[in-house]
Amino acid sequence: AQSVTQLGSHVSVSEGALVLLRCNYSSSVPPYLFWYVQYPNQGLQLLLKYTSAATLVKGINGFEAEFKKSETSFHLTKPSAHMSDAAEYFCAVSPMNYGGSQGNLIFGKGTKLSVKP
Amino acid sequence: GAGVSQSPSNKVTEKGKDVELRCDPISGHTALYWYRQSLGQGLEFLIYFQGNSAPDKSGLPSDRFSAERTGGSVSTLTIQRTQQEDSAVYLCASSFRLAGAGDEQYFGPGTRLTVT
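Chains A and B, in that order, are what the protein sequence lines are. The first sequence begins at 1 in my numbering and counts up by one. The second sequence begins at 118 in my numbering and counts up by one.
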């Protein structure tokens with residue numbers, strides 16, 4: 001069964017520092033991969049997605065992620081953290097069977113990012 | 118345009134009562150999804166609709182949970198005989214096509230259900 005693992009339930013960085021949020025997936029077939037962000041008391045908003053085009057994907061708010069098949073990873077990065085980046089971040093995979101998608105997303109448990117002034 | 122809307126935003130109910138949660142997807146989106154978000158548990162997939170049909174009901178936690186979608190638009194998630202473990206935020210999402218086509222899912226703000 002496909003799964004998503006996010007290393008670190010909490011990550012704290014200083015403002016201006018590099019943000020690195022880790023995501024590893026388990027899938028026998030290269031999946032589609034997504035990063036979502038959730039601000040307090042709000043729904044989820046898409047940051048970026050990988051759909052088998054370029055392996056380096058650029059998203060909103062200066063975030064980007066690189067798909068590495070050999071490492072089954074899709075880590076999210078931002079060169080310089082801003083206070084407004086404080087939120088919870090979810091990595092998700094669209095499970096693929098050889099017959100096609102099952103339709104839903106499988107989410108990791110999330111990483112809460114804190115940004116210190 | 119309008120995003121995904123959900124109602125009510127908050128619902129407090131007594132154990133044993135039935136509740137209905139409503140989701141209005143983005144117009145024209147054929148796929149609709151329900152997820153449950155519990156503290157410390159992440160997002161748990163419940164059910165998805167392609168049009169009015171639900172090909173996969175395996176994510177529903179028990180037979181107390183049911184969902185329907187009518188007219189390819191509004192969906193209702195019903196929880197019968199609510200239990201305290203049903204307390205969570207229920208999120209609805211919609212997409213133009215299924216997630217497997219690489220389409221983004223647009224999420225509503227959620228309904229926070231509290232069972233006392």
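Derived by calculation from the structure, the hints in this document are not laboratory data. Among these hints, one or two may not hold up.
Examples of chain A residues toward chain B, derived with CB under 7 Å [said to hold, decoys possible]: (1) Ser27; (2) Tyr32; (3) Gly43; (4) Leu44; (5) Leu46; (6) Thr51; (7) Phe107; (8) Lys109; (9) Gly110.
Note that the coordinates shown come from a computational prediction; the quantities given were computed from them, not determined experimentally. Idealized CB from N, CA, C, for every residue including glycine.
Tested hints:
For serine 27(A), the shortest C-beta to C-beta distance to chain B is roughly 12 Å, which exceeds 7 Å, and the interface hint is violated. Below 7 Å, beta-carbon pairs count as interface contacts, and tyrosine 32(A) has one with chain B at about 5 Å; its hint therefore holds. A least Cβ separation of about 4 Å between glycine 43(A) and chain B falls short of the 7 Å threshold, and the interface hint therefore holds. A distance limit of 7 Å between C-beta atoms decides the matter here; for leucine 44(A) the minimum to chain B is near 4 Å, and the interface restraint holds.
The interface hint given for leucine 46(A) is met, as the beta carbon of that residue sits about 5 Å from the closest beta carbon of chain B, less than 7 Å. Taking 7 Å as the C-beta contact cut-off toward chain B, the hint placing threonine 51(A) at the interface holds, the least distance being around 4 Å. For phenylalanine 107(A), the interface hint holds, since its Cβ comes within 7 Å of a Cβ in chain B; the closest pair sits about 4 Å apart. Interface restraint check for lysine 109(A): the shortest CB-CB distance to chain B comes to about 4 Å, inside 7 Å, so the restraint holds.
Interface hint status for glycine 110(A): upheld, as the beta-carbon distance to the closest one in chain B is roughly 6 Å, under 7 Å.
Of the numbered hints listed earlier, the single one contradicted by the structure is hint 1.
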